[in-house]
Every structure is written in C-alpha cells, then in structure tokens.
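**Student:** Modelling step: build the complete structure from the supplied sequences, incorporating the hints.
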Amino acid sequence: MAKQSYVEWNKRARREELLAGEKYVEHTSPSSFVGKVLMVFPGDYGVGMANLGYQHVMRLWQREGFEVDRLFLDSSLEEDWSFEKEYPLDSFDIIAISFPFEGGLIRLIPFLKKVRQLPSNPLIVLGGATTYFNPFIVNDYVDYVIVGDGEEAIHALVEHISSNKPLPPWIIRPGDRSAVVHKVLNLREPAYSLIVPKESVFENFFLIEIGRGCHVGCRFCVYGYTYRPIRHFSPDEIVSILQTKQIDTDTVGLVSASLSLHKQPIDVAKSVLNMGYRPVPSSLHVNESSPELISLLASSGNRSMTFAVEHGDREFQKRLGKDVDPEHLNVLLKAGVENGLKSIKLYFIMGLGDDPEYNAAAGVEFVKRAIDGVSGLKVTISFSVLVPKPWTPFEKLEFPKRSFIKKEILAWKRLVRKNKLPVQLILPSYKEAFEEYALSRFSGDLAYRYVVRGESLKDLVEEANDMKAWKSLKHIDPSAILDVEYARYLQGKYPIGCKGDCGSCMVKSLVERGDSLV
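Numbering (this note's numbering), first residue to last: 999 to 1516.
Be a bit skeptical, because a hint or two may be false.
Taking lysine-lysine and the DSS-like style, the derived pairs with C-alpha atoms no more than 30 Å apart in a straight line are [unchecked claim]:
1) 1456 - 1472
2) 1083 - 1243
3) 1491 - 1316
4) 1466 - 1418
5) 1399 - 1316
6) 1163 - 1111
7) 1411 - 1429
8) 1394 - 1316
9) 1021 - 1196
10) 1083 - 1111
11) 1472 - 1332
12) 1399 - 1456
13) 1456 - 1429
Hints in this document: simulated from the structure, not taken from any laboratory.
**Tutor:** Printed below as a string of structure tokens:
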C-alpha cells in the first residue's frame, strides 16, 4: 500500500511540475456551455504537447462551446482523471482522441476498454493523421471517427449529436467500411499553439502552421499523398496570429513539410524575426534552400538544422522524389557555419533498392562531399527503415528483410570508419519499423488480435495485406495516381507531384489523362 501511495504522489507531483511550466496563449470562454470534452493523447506528455494537431483540435472543441481538459496515456501521469482539473473520466460527455501515429494503438486499446466500462457512457470521438490513410484500424472501437481535416468536421459532428443532422461521409461509425477523406480547401487560419509547454519535444516553442500538404510527392511519404492539395499561409496571415496572441516565448516553430517548399520561405522567416521571435523550421529541403535562407536562420539563433537526404545516389533520389545535390548542401552548410550553425542532422532511409552495400557506399560518398571543407560542425546521420505505407506508391513494396537492414548497417559502420568520417550514426529499430508497417495496414480486428491477444505480428500482416482494409477509403484512385507514380518509379522518373490546381478530388486532371503520364 505504501508503494502505491508513493507512486500516486509521484504522479501528482509530476503533473503539478508540468502544469507550472505551461503558458496559455489564449483563454477561450464559451458563450454558452455545451458540455465537457476530454482530449486524450495516446502517448507521453512531451510528445502530445509537441503535436500541433492535438492542440489545434482542443481549440476547435472550445469554439463549439465545450469545456476542454486533457489526458495523456503516459506512465508518469495519472490516467484515471483529467490532467488540468483532475476531473474523473466519467464526468466528461465526450472523450476525444488524437490519433497521429499507429503506435498509439498499443496504449489506446486498453484505455478504450476502460472507458467503455464507465457508467456515464461518454461518446468517444477519434481523429488525427492516421485517419488520412487508414481509419478502419479503430472505427469499430469508438463512436465516431473524423476522417481528414477537423476544421469543419467537428462542427458537423456537434450538429449531428445535438440536432440529429445527417453525418457527412467523412465521419464514420462502427461497422462502416468506406469513408471519404475530408479536406478543407480554404482554411480560415493556420493551426497554432494553445499552450506553450516548458517541457516538451519542442521546449518553450510556440508552434504555427505555415502550410499543409506538400507538392513534391516523395513516393515513400504518406503525408505528401494524403494531405494534398498543398495550402500555404502567407507571411501576413502568420504575422496576424503572432500580433494577436499572448506569446510568452522567443521561439516560433514553423510547422510544415518544409520551410524551403513554401512559396515565400525568406519572407516567412523574416516576418517572424521582425516580430522579435526566432523562427525555427521543422525541416529544410536542400535544393529549395538558398544560402540567404540558411544564413538568416543561423544568424537568428538556430544552432542546429535538419535535412532529409534519404539516399546518396542522385539518380536513385530522383526515383524516390528527392534531388539533393551534395555540392549545394556544402554551400548551405558553409553559409550556416559562418553565421553560427553548430550541428546538422541528415536523414537517410535503409532498405531501399536491392543492394545494401551500394546504399551505404553512395551515402558515405554523399556525406563526404557535403561536409568537405566544413569545419566546426557536428554531423549526425539518423536512419529509418523503409516503411511502405498505405496510400503511397510504395504500398506495393514488401517490407525490407532483416538481413538486408543488418548488412546495410554493417556497411555504413565499416565505411564510416574506413573514411574517418566525423559523424555520429543513429541506427534504426527494425522491430519498431515493422510494427509501424503492420499497424498501418490493420483492420480493427487485426489490431485487437495483436494488442490484446498477442498474436504473431508476422501472421497478421499477411492477413492485412490480403484484406487491404484501407483500399475502401475514398481518397486517391489507386488505378490513377498511385499506380502511375509506381510505374514512374520503376522507370526511374521523377514524381509528377501536386500542382495544387486539381480541385477537391486532388488528382482529377491526372485521372483524366491516365496512361499518358506513365
């Protein structure tokens, strides 16, 4: 009993410490009280508060007249009452779950079982990034799944609950096996932080969305295909938010696929800097970045930057959707170091192609050329294993063999030592990558059998690949853009990308032109 009391005391102290470090950007008081919503994040506090979608949806519920509290499925915090006001779970009318990544299922399914046993029987609503490519992992366990953008969908759901209005096709219920992914083409404003946390993946960051979607179309990237069409926010729209909110921090995180891919990257960075904040991009695209942009970011106080390379061979890069020139990166790094840049992180993907030795050799050669003559810079290379996701051209690919990844890791280590490269390697977890691959393809039944019954992940993946539950999602015609892009990948051609002019169907013009694209 004493041990349990100590654990409870420790969790309460942890909660109070986190709350003391938070700063609200705005306090929304509903004009009329509708009910209480508990916003649940299926992960640790620091990850949840760094998730802009989670904070943005809190605000959307508040605007509908709900009092909103939070809960994190975090072993260091209490999970039987709310985070801010310590309300018991059965005091909430709606349990709203943010589901940004498949791995959240491991914590989420046991939590949902507990919620279903509450005598108050609250409604359970779920949304998030995972719904853009496979909402059928979870729709049998909740009352409603919002598929796609939430800006209009939450209002539609509230009207359905309060007035029994018909549900739009982007809100699905248990048993539904088809859905439409909702896109708000004319976003009223960017998403931005409701709370600035002291302790988070992004400590003391005010986050603001500068764009949604990506025009490149990297063939491994689920975001690039499921968030189309690309929607940019102008520097004026970003400044308008910064001017009207109580932002008690000097750091503004610019959330998008890449600052470099914005129509006005330098103007965006300068507008934030001119407001007295340090602009911090989530990522940078090498060939779309200029020395001027890198110098501006470094001189404003950014001591580290990240660049996604994926593969060292430029011809193979183009097949993926990348075109990263090591000489241009070298110019960028020198400009950065001259203005205070201290470290960079380069992202590579393992498991591509059919030759692990060549992957490593090409990667090492790329890094050598990129950092040649650059002194005083810490270089970290972070690897991930290729995860062929649903709703990407690579969904047809098999998951890489463990032996392939092992050979590639050994080759990288050997060649880094041989070439005396001054770099740090962060190696991937094969197990975690395979779990991500499997969960992204699961139906609700398969997810339950894995999480609750502990059945073999390998066997369940075979069932998932036969079933293809995600294919009933009305998103992108698989006979059109995904097949076209896969064929172009095999032919060594660069992706068509998203021009942003195809209308709400996203790929209308591509579908109409058909095979002429291949």
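**Student:** All the hints need checking, so say for each whether the structure fits it.
**Tutor:** Hint check:
no.	hint	result
1	1456 - 1472	holds (28 Å)
2	1083 - 1243	holds (24 Å)
3	1491 - 1316	holds (7 Å)
4	1466 - 1418	violated (46 Å)
5	1399 - 1316	holds (23 Å)
6	1163 - 1111	holds (29 Å)
7	1411 - 1429	holds (20 Å)
8	1394 - 1316	holds (19 Å)
9	1021 - 1196	holds (8 Å)
10	1083 - 1111	holds (23 Å)
11	1472 - 1332	violated (46 Å)
12	1399 - 1456	holds (12 Å)
13	1456 - 1429	holds (11 Å)
Figure legend: structure checked against the earlier numbered hints; hints not met, in rising order: 4, 11.
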